[in-house]
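So the protein sequences, as listed, match chains A and B. In this text, residue positions in the first sequence follow this note's numbering: the first is 1, and each later residue adds one. In this text, residue positions in the second sequence follow this note's numbering: the first is 1001, and each later residue adds one.
Keep in mind that a hint or two might mislead.
What the hints assert, rightly or not - Just some of the chain B residues that point at chain A, by a computed CB distance under 10 Å: (1) Ser-1027; (2) Phe-1029; (3) Phe-1033; (4) Thr-1106; (5) Thr-1108.
None of these hints come from the bench; they were simulated from the model. Glycine included, C-beta positions come from ideal geometry on N, C-alpha and C.
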Amino acid sequence: GAGVSQSPRYKVAKRGQDVALRCDPISGHVSLFWYQQALGQGPEFLTYFQNEAQLDKSGLPSDRFFAERPEGSVSTLKIQRTQQEDSAVYLCASSLGVRVSHNEQFFGPGTRLTVL
Amino acid sequence: GQNIDQPTEMTATEGAIVQINCTYQTSGFNGLFWYQQHAGEAPTFLSYNVLDGLEEKGRFSSFLSRSKGYSYLLLKELQMKDSASYLCAVREGADAGKSTFGDGTTLTVKP
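So here's chain A without its partners, still in its complex pose (with noise of 0.2 Å):
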């Protein structure tokens, strides 16, 4: 189908390596939003793109956390020195664009982090 892909589905990391991962959008969707979700709660926000422009990075834990989207279209989170607070699922979702009545999310499978 033509939904919201993220890769890799699962990743495990040594305490002190960088990470990247990456999200698809759904075709010609502007807004990208990256989120951090932990066992038992719902998504924490982490940032958000409208076109390629990073309009919001208010909920980035720290400067080890870094985004992109600079085509507009696919964008990677980067995680430098990963800690074991880092492991979560990360999850990328897109919407249509900006002005729309409804403008929901679509989210993609995530990617579960697991450093150790």
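Please build the complex by placing chain B on the supplied structure of chain A, with the hints as guidance.
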């Protein structure tokens, strides 16, 4: 910022009706969403409210009262497949920006 409260767990019987409540305290409000999330899967959209009142969509309905900071999701004719986590999310800004999610209500449907 946003504070969103939902019950942690609920249990109901197949064929019954269940109401899941959500209260929120916000600095801004531009719509409230309900999502369903099965274990190990991504959230999927159920409903959207921006004006006060009831929105009905098949077996699912959602209600909003902006003055009370309150919403509920009503599930009718419960089926076993409705066992999932139900997430309430509030959108803050005027555009497509940030939504803040509650921690979800885990609903278990029993035969």
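Mind checking the CB of B/Ser-1027 against every CB in chain A and telling me if the closest is under 10 Å?
Since chain A brings no Cβ nearer than about 13 Å to B/Ser-1027, farther than 10 Å, the hint is violated.
Is the shortest C-beta separation between B/Phe-1033 and chain A less than 10 Å?
At 6 Å from the nearest chain A Cβ, B/Phe-1033 passes the 10 Å test, so the hint holds.
Can B/Thr-1106 be said to touch chain A, with a Cβ gap under 10 Å?
holds, 8 Å
Does the interface hint hold: is B/Phe-1029 within less than 10 Å of chain A, judged Cβ to Cβ?
Status violated, d = 15 Å.
Against chain A, with CB atoms and a cut of 10 Å, does the hint on B/Thr-1108 hold up?
violated, 14 Å
Hint check: violations occur at hints 1, 2 and 5; the rest are consistent with the structure.
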